[in-house]
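Just so you know, the UniProt record's numbering puts 40 at position 40 of the sequence shown, and the rest follows in order with no gaps.
No wet-lab data here; the hints were simulated from the structure.
Since this is a predicted model, take the numbers as computed values, not measurements.
Errors might be hidden in some of the hints.
Computed list of lysine to any residue pairs in SDA-like fashion (alpha-carbon distance at most 25 Å, straight line) [said to hold, decoys possible]: (1) 32 <-> 3; (2) 50 <-> 70; (3) 50 <-> 68; (4) 17 <-> 41.
Computed Cβ-Cβ distance ranges for the label pairs, DEER-style [to be verified]: (5) 28 <-> 58: 36 to 42 Å; (6) 28 <-> 68: 18 to 24 Å; (7) 30 <-> 51: 29 to 35 Å; (8) 42 <-> 72: 15 to 21 Å; (9) 63 <-> 35: 19 to 25 Å; (10) 66 <-> 21: 27 to 33 Å; (11) 32 <-> 11: 31 to 37 Å; (12) 71 <-> 37: 14 to 20 Å; (13) 19 <-> 67: 32 to 38 Å.
Virtual Cβ for every residue (Gly too), placed ideally from N, Cα, C.
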Amino acid sequence: MDWFPTLLAAAGDAGVKERLLNGWTVGGRTFKNHLDGYNQLPYLEGRQPKGERKEFFYFDDDGVLVDMRYHD
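Construct all of the structure, not just a fragment, from the sequences and the given hints.
In structure tokens, the structure reads:
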């Protein structure tokens with residue numbers, strides 16, 4: 001989930017998550033989406049000691065939630 005905003009930030013576009021949330025017109029079409037991923041680039045570059053994600057959800061092969069971690 002975090003790859004999309006992280007890779008776009010690495011390519012120089014750190015604001016894509018906010019633009020998509022507000023409605024972004026590209027190629028004559030407007031896209032309005034909520035990305036639940038976080039930009040992890042500052043963490044990967046060593047500029048921040050921890051990543052942005054505080055929650056982790058674990059699902060089994062059938063899609064059943066089997067565990068959750070928060071601020072771990």
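Going through the hints against the structure:
1. 32 <-> 3: Cα-Cα ~19 Å, so holds.
2. 50 <-> 70: Distance ~14 Å between residue 50 and residue 70 Cα, so the pair holds.
3. 50 <-> 68: Status holds; Cα separation ~18 Å.
4. 17 <-> 41: Status holds; Cα separation ~14 Å.
5. 28 <-> 58: 36 to 42 Å: 40 Å Cβ-Cβ, so the 36 to 42 Å window holds.
6. 28 <-> 68: 18 to 24 Å: 41 Å, violated
7. 30 <-> 51: 29 to 35 Å: 31 Å, holds
8. 42 <-> 72: 15 to 21 Å: 20 Å, holds
9. 63 <-> 35: 19 to 25 Å: Between residue 63 and residue 35, where Cβ atoms are some 21 Å apart, the hint holds.
10. 66 <-> 21: 27 to 33 Å: 30 Å, holds
11. 32 <-> 11: 31 to 37 Å: 22 Å, violated
12. 71 <-> 37: 14 to 20 Å: Cβ of residue 71 to Cβ of residue 37: about 18 Å, so the range 14 to 20 Å holds.
13. 19 <-> 67: 32 to 38 Å: 33 Å, holds
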